[in-house]
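Novice: Can you make the complete structure from the sequences, with help from the hints?
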Amino acid sequence: MAVTQLPRPPEVYKLPQYKYVDAVRWLPPISALDRHAVLALFDSDGGSSTVEIHSLLNPNPDASSTAKSLTTLAAWTPPSRVSSLKTTNLGHRPFIAVSTVDGSVHVLAAQNAHSLVEMGAAPRVHAGPVSCIDLVEGGAECVSVGEDGRVNLVSLGDSGVSSFRFFDSNGLVSYSAARWASPNEFATGGLGFGLQWWDRRKPGGPVSQFKCNWTQGRASGIVHSIDIHPSRKHTCLAGGSSGTIFAWDLRWQQQPIILSGVVMGDGSKHSVSDSSEVWEVQYDRDVKSSNASNFSSSSRMLPVMMCSEDGILAVVEEDEEPVELLAEPCAINSFDIDKQNPSDVICSLEWESVAILTRP
Amino acid sequence: MPEPDGGELGPLSSSPTPPPSYPLRHSLRSPLSPRVSLCWCRGNSLRVSLFSQPASEVEFGGEVVELKLNDGGDGEISNAQWRRIAYGSVSPFAMLQSRRNSFSSLSKINSSPYHLEWWEYVMEYSKDINSLLGNPKSSKNSLIEDPKTFVQKSEEPTCLKAAWELMEMFYADKLSQPWLPERLVDWLADYDSLFARAYGTVYSKLLNFQNELINLQVIEDDPRYWEVIASALAVGWLEIVVKLLRLHGSYQLDQLSNRETENGLVEAVAVLISKMPRMRPELEPRRLGECYKAKPDFIKAWEKWRGQINKLDCSAFWIQCHHVQTREGLRNLLQIMLGNMSSLSAATSHWLELYISHFLYVRPFTAGLESMYSLAQRCIQLKPMSNSHKLMGVMIGILGENTEVVLAESSKEFGPWMAAHAIELLTAGSDEAEALLREERYSLGEISLEELHRLVYAQVLSSHALSWQIAPVYLSSCLKQGMGLLEILLYRQPVPHKELLLKNLEICRLYELDDISSNIMKMAGVHHWKHGRKGSGVYWLQQAQDEFRLNKIAQLLFGSVGKSISDESFKQWEGLIELLHSESKAAGGLEFLLKYRDFKRLLQQIGDGKNDVAAQQAVESLMLLMKNPSTPQRFWLPLLNDSLKLLNWQDRPLLNVSQTNLLLNKLQELSIARLRPHFVKPDFPMEALNSVRLSLATNLGRAILEE
Chain R
222 MAVTQLPRPP EVYKLPQYKY VDAVRWLPPI SALDRHAVLA LFDSDGGSST
272 VEIHSLLNPN PDASSTAKSL TTLAAWTPPS RVSSLKTTNL GHRPFIAVST
322 VDGSVHVLAA QNAHSLVEMG AAPRVHAGPV SCIDLVEGGA ECVSVGEDGR
372 VNLVSLGDSG VSSFRFFDSN GLVSYSAARW ASPNEFATGG LGFGLQWWDR
422 RKPGGPVSQF KCNWTQGRAS GIVHSIDIHP SRKHTCLAGG SSGTIFAWDL
472 RWQQQPIILS GVVMGDGSKH SVSDSSEVWE VQYDRDVKSS NASNFSSSSR
522 MLPVMMCSED GILAVVEEDE EPVELLAEPC AINSFDIDKQ NPSDVICSLE
572 WESVAILTRP
Chain X
117 MPEPDGGELG PLSSSPTPPP SYPLRHSLRS PLSPRVSLCW CRGNSLRVSL
167 FSQPASEVEF GGEVVELKLN DGGDGEISNA QWRRIAYGSV SPFAMLQSRR
217 NSFSSLSKIN SSPYHLEWWE YVMEYSKDIN SLLGNPKSSK NSLIEDPKTF
267 VQKSEEPTCL KAAWELMEMF YADKLSQPWL PERLVDWLAD YDSLFARAYG
317 TVYSKLLNFQ NELINLQVIE DDPRYWEVIA SALAVGWLEI VVKLLRLHGS
367 YQLDQLSNRE TENGLVEAVA VLISKMPRMR PELEPRRLGE CYKAKPDFIK
417 AWEKWRGQIN KLDCSAFWIQ CHHVQTREGL RNLLQIMLGN MSSLSAATSH
467 WLELYISHFL YVRPFTAGLE SMYSLAQRCI QLKPMSNSHK LMGVMIGILG
517 ENTEVVLAES SKEFGPWMAA HAIELLTAGS DEAEALLREE RYSLGEISLE
567 ELHRLVYAQV LSSHALSWQI APVYLSSCLK QGMGLLEILL YRQPVPHKEL
617 LLKNLEICRL YELDDISSNI MKMAGVHHWK HGRKGSGVYW LQQAQDEFRL
667 NKIAQLLFGS VGKSISDESF KQWEGLIELL HSESKAAGGL EFLLKYRDFK
717 RLLQQIGDGK NDVAAQQAVE SLMLLMKNPS TPQRFWLPLL NDSLKLLNWQ
767 DRPLLNVSQT NLLLNKLQEL SIARLRPHFV KPDFPMEALN SVRLSLATNL
817 GRAILEE
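Heads up: the sequence lines are chains R and X, in that order.
Under the numbering used here, think of the first position of the first sequence as 222, with each following residue one higher.
Under the numbering used here, think of the first position of the second sequence as 117, with each following residue one higher.
These are calculated hints, taken from the structure and not from any lab test.
Possibly wrong hints are sitting among the right ones.
[Unchecked claim] Restricting the straight-line Cα-Cα distance to at most 25 Å, the calculated cross-link-like pairs of lysine-lysine (DSS-like) are:
| # | chain 1 | residue 1 | chain 2 | residue 2 |
| --- | --- | --- | --- | --- |
| 1 | X | Lys528 | X | Lys243 |
| 2 | X | Lys264 | R | Lys235 |
| 3 | R | Lys235 | X | Lys619 |
| 4 | X | Lys409 | X | Lys264 |
| 5 | R | Lys423 | X | Lys716 |
| 6 | X | Lys668 | X | Lys638 |
[As the list claims (entries may be wrong)] Okay, the calculated beta carbon distance ranges per label pair:
| # | chain 1 | residue 1 | chain 2 | residue 2 | range |
| --- | --- | --- | --- | --- | --- |
| 7 | X | Arg362 | R | Leu278 | 32 to 42 Å |
| 8 | R | Glu541 | X | Ser746 | 45 to 55 Å |
| 9 | R | His335 | X | Ser194 | 41 to 51 Å |
| 10 | R | Thr298 | X | Thr265 | 36 to 46 Å |
[To be verified] Derived coverage of chain R by chain X (criterion: at least 3 residues anywhere in the stretch with Cβ under 8 Å from a Cβ of chain X; other residues may be distant):
| # | stretch |
| --- | --- |
| 11 | 365-376 |
| 12 | 389-398 |
| 13 | 409-416 |
| 14 | 545-552 |
Beta carbons are placed, not taken as given, at the ideal position from N, Cα and C, and that holds for glycine.
Specialist: As structure tokens, then:
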């Protein structure tokens, strides 16, 4: 694994939680000064789950040390373990969507940092666990997918939460990732590195499907995470098994752009994580201005941040060596880049802790 | 996690809510005598099941309750803390194992002086582990000094850390061997508070006195003042002694003139104390004493210092000191420094403190474990232990040079984590200990003590849903039985949960357990298939390359696949069929579905019947399908029926004579098959069969003419 180190490594703070961290997200700002994160925690001793708002504090603001700590401000108890967690900002209020392993989807609102109120729930919209949910940017609509092959749209209206089964493959296809591209379109991913593009105006099945035999005899895998950049809605970025990160350009259907993992033909690609699962991918929003011009015009892929089962958090770019931000002895299950402050990243570590990175 | 003492169960967790009970439905016929079944389930849970006869129709026939048992420890370290320690110790442990492997292969080739000694690696490991067990004790002096505080109440230290440091000091840290007595002095300074509950300590005496200090007007009149100073001096806490002495009333400006001699004596003693020679390489800043690295220098300084004390003791100034308590108190301090046994014994609370005071004032040149052990026995005789303490067994085992006792005591008192990790310390420098702990024993089933303790620890890890995934690190270091247990562990993990399944497979990949990985994928495939997730089922069976099961499920699938092109339900299958696309992966009988789909696509492309090229391709595809033995018979007629368009192609016959003959033969076979007993009747009208036969006959005629 050839990985370049950053010239200046990020500052890393590891905060043990003593509970399993199922998911972690930054919360959109409630007030100008405070910073908050949402954590879905599972207490294995008590067998209970909670969704908590934590405030990120600097315990000694005067001292030179910039050590950070998390303090619980508000908590909500889901009916079962959390499988996926997303946040958005709607009318200057942070909204949190939570899905559970029992197949329910819940929408929560944070009135302020100290109160977390459930706005409504769609119970048992999936048979079995919800694999993934996504909240549409600036709206209260959620897409949820599951291994049962259902695609549900859950929306928060005046009369509470309503859900609508958009598609049901009856288990013939399982979905493991979902992401909105626009208020009407979204992408899903699943087994065999398959991606599907959906348009809610055209029900009855995916508008477009991506699955070609590009793994060239190597093990096929599962898509665990999808991201779509608001400025490039035609490109669907996916991360999954065997350290694979690829992008599917809707305009150029059958050939994926491979960022990491699978070897294509004779041209070997940089691999950030050898054959391990890539649990989450997100476009890196922390693009320095000097680099930004390179990306704005060209068709080059934007840099991508990823986390993996073998404990790597790294930024990957097309045709370049990955830049490693964190290498842990345990899996990094999820991460989130702060939208307001893109140099800050929060990630959940398998060994019951959270890490916060501040990039220089 | 520590195992409960033999014979007694751990206490029930005192949760405010009673544990949930689950109804147990059974359809056993009466008469039924009630039965209770007890078994362990995951972690510290005990499952109690009660079978009984339902009293009425609506009642269930039994109940299951899962009771959570607390760990048998004294609650010093919570379960979550234990897990944090377990997580943190994985990397140091794995690192040390890999170093051992490369070290043993290296030292066989050459013993280069540039390489580190083995104990240095163990020290690195020990420091990493030690840092997990708690923060280093904050130094006794804070930034802003309160003149009335001499004992800082810092974070409560743990016995676990104390025991670890003790073992590190005696077994791993070869550099500190010449200064062992001084290391013990420091150790007791850090951990004396641990003994407070069991024996009463100098530490607790100091703490009590500090709390009352505010109420005291004339401090030197209080006998307890002199008592605590003597105690602190006996165990070598010189900074505290000097600080306390400087609280003496004679230092106050208004009294200085009246009590000049008295003050001079107090100061003289304080200076003597702060100049005490110490046989150690260095002292932390703000700590008192003068360090000597070499023994001859130390002995010289020691004798000079003792001479000064003697001189002061015989000085005439004592007579001029009119404050009785001060005079007696100070002279007692001198006696302690001169090693007066009765003074030392009076000043200390338990045998360890007495032991330490011996090192400091009676036998500062003690070296060698043998003499240390006999000294310890004498101290225990002088101050017998009224009740036992966790650390004592380990301490005495170490001093008695009995590795097996140390291991057994640390396992008993601190649990399997300690035993598995402390072995590395015990074997660090001693070939004897290494032989003892690594020797395979018949009584243990041909495994060594080292392996036994690692296996036990791995079992403890395996029993918890969050820690099972670190057990492989320990199992893989066990040569004899580790891999077998690892296989069992991996098979035992539930497959339905995707993340867990993938983690399981990742572990298989790391340890190159391909067979297990393929079996686990098969299990996952069958599980998903059974629960109606056909896509996942096919995916995992494909990953496992399980042709046998794929063929089986193919037969099940064909029954429900839409047969005609016009059939809308076929669209639903597209997603599943897409999965079968990769060439490398075995699809078994499912391969047919893929070809069938492709054929249907071609037929759709023909559309209005003008596209010659597509039609020709469709014919080839049809022939391939009909020739392929994996094409199920029940699809033959639908296939031919769908191809009527091809058979009746307007411009020219698309099928040649031999191709037509083949299809006719298949049709004939189908007609004969109808007469067989197990024939599945296709839900197809008879007219279809007739029109296919007619079209084939027509095509045959045209083809013959063409040729």
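Novice: For a C-alpha distance cap of 25 Å, please report whether R/Lys235 and X/Lys619 respect it.
Specialist: Roughly 23 Å separates the two Cα atoms, so the pair holds.
Novice: Hint check: X/Lys409 vs X/Lys264, CA-CA at most 25 Å. Holds or violated?
Specialist: Given pair X/Lys409, X/Lys264 is violated - Cα atoms ~34 Å apart, limit 25 Å.
Novice: In this structure, is the beta-carbon distance linking R/Glu541 and X/Ser746 contained in 45 to 55 Å?
Specialist: holds (46 Å)
Novice: Has the stretch 389-398 of chain R got at least three residues whose CB is nearer than 8 Å to a CB belonging to chain X?
Specialist: holds (count 7)
Novice: Counting residues of the stretch 365-376 of chain R with a beta carbon closer than 8 Å to any beta carbon of chain X, are there 3 or more?
Specialist: holds (count 3)
Novice: Taking beta carbons only, do three or more residues of the stretch 545-552 of chain R come closer than 8 Å to chain X?
Specialist: holds (count 3)
Novice: Under the criterion that the straight-line Cα-Cα distance not exceed 25 Å, is the pair X/Lys264, R/Lys235 satisfied?
Specialist: The hint is violated at about 37 Å.
Novice: Within 25 Å, alpha carbon to alpha carbon, are X/Lys528 and X/Lys243?
Specialist: Distance of about 23 Å is within 25 Å: holds.
Novice: Is 36 to 46 Å right for how far apart the beta carbons of R/Thr298 and X/Thr265 are?
Specialist: With Cβ atoms ~44 Å apart, the hint holds.
Novice: CA of R/Lys423 to CA of X/Lys716, is that 25 Å or under?
Specialist: Between R/Lys423 and X/Lys716 the Cα gap is close to 24 Å, so the pair holds against 25 Å.
Novice: For the pair R/His335 and X/Ser194, does the Cβ-Cβ distance stay inside 41 to 51 Å?
Specialist: Violated: the Cβ-Cβ distance is about 27 Å, outside 41 to 51 Å.
Novice: Are there three or more residues in the stretch 409-416 of chain R whose C-beta lies closer than 8 Å to some C-beta of chain X?
Specialist: holds (count 4)
This entry does not satisfy hints 2, 4 and 9, going by the numbered hints stated previously.
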